[in-house]
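Participant: Sequence:
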Amino acid sequence: MPVGSEVGGLYDCAEGFHDLEDDAVADARPGYRQVADTLRDRILSGHYPPGRPIDGQLKVSGELGADIAVVQRAYTLLDQEGFLRVGSQGVRTIVLDRRPYEATVTLPRRGEPRPGEPDELRAAATAAAEAFPVITEVRTAVEGNRATVWVTAVTADPARAVLVAFEVARAAAGDRWDLAAAQTSSVPAS
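Numbers given in the numbering used here equal positions in the sequence shown, counted from 1, plus 232.
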């Protein structure tokens with residue numbers, strides 16, 4: 233039975249059957265996200281340790297009752313998020329050793345300051361960060377004509393942390409901050 237299907241008012245997912253009314257959030261997630269969430273939880277719990285191969289897509293498909301295309305899309309998502317390095321056919325997919333990195337994006341202001349700007353930036357950055365499971369913390373500051381967005385992201389690559397931070401800054405900046413002139417950096421988080 234495909235992950236995310238409804239049968240007699242029950243919702244089938246990796247953890248078993250749930251009543252749809254008790255688990256409305258799961259109903260809204262596409263199947264590939266359900267599979268990715270299950271695998272991400274297993275990676276974070278140590279079930280699949282860093283540097284080791286993860287189970288093959290066919291095995292995961294059978295175990296979770298998900299279509300192979302759904303599992304392939306989940307693996308691709310986890311690769312994009314920095315949890316896996318998906319191998320080509322015949323090459324195992326490896327769990328990446330992820331570490332926390334603090335990435336910073338500093339943006340110059342466009343136009344004049346306005347009241348409430350720091351709170352607006354913080355709220356927008358926090359909301360944008362919810363789309364990235366690798367983010368563990370978001371901070372913002374507005375000083376003079378510059379805004380800074382700090383993101384702590386757990387990833388295998390500091391460059392990926394910068395990309396995630398830039399996406400958060402882009403979503404939060406609106407037309408008030410100049411993304412074209414942004415400065416970025418990344419360091420291991422302490």
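Hints are computed from structural coordinates only; laboratory data are not their basis. Fair warning: there could be bad hints in the mix.
[What the hints assert, rightly or not] Derived Cβ-Cβ restraints for the label pairs, each shown as a range:
no.: 1; residue 1: 318; residue 2: 417; range: 22 to 32 Å
no.: 2; residue 1: 350; residue 2: 419; range: 22 to 32 Å
no.: 3; residue 1: 410; residue 2: 285; range: 14 to 24 Å
no.: 4; residue 1: 281; residue 2: 403; range: 41 to 51 Å
no.: 5; residue 1: 422; residue 2: 375; range: 21 to 31 Å
no.: 6; residue 1: 368; residue 2: 347; range: 48 to 58 Å
no.: 7; residue 1: 312; residue 2: 373; range: 22 to 32 Å
no.: 8; residue 1: 276; residue 2: 417; range: 24 to 34 Å
no.: 9; residue 1: 377; residue 2: 422; range: 26 to 36 Å
Here a beta-carbon is modelled for each residue, glycine too, at the ideal position from N, C-alpha and C.
Participant: The structure should be examined with respect to each hint, and the outcome stated for every one.
Facilitator: Each hint, compared with the structure:
no.: 1; hint: 318 - 417: 22 to 32 Å; result: holds, 28 Å
no.: 2; hint: 350 - 419: 22 to 32 Å; result: holds, 24 Å
no.: 3; hint: 410 - 285: 14 to 24 Å; result: violated, 44 Å
no.: 4; hint: 281 - 403: 41 to 51 Å; result: violated, 33 Å
no.: 5; hint: 422 - 375: 21 to 31 Å; result: holds, 22 Å
no.: 6; hint: 368 - 347: 48 to 58 Å; result: violated, 31 Å
no.: 7; hint: 312 - 373: 22 to 32 Å; result: holds, 29 Å
no.: 8; hint: 276 - 417: 24 to 34 Å; result: holds, 26 Å
no.: 9; hint: 377 - 422: 26 to 36 Å; result: holds, 29 Å
The earlier numbered hints that this structure contradicts are 3, 4 and 6.
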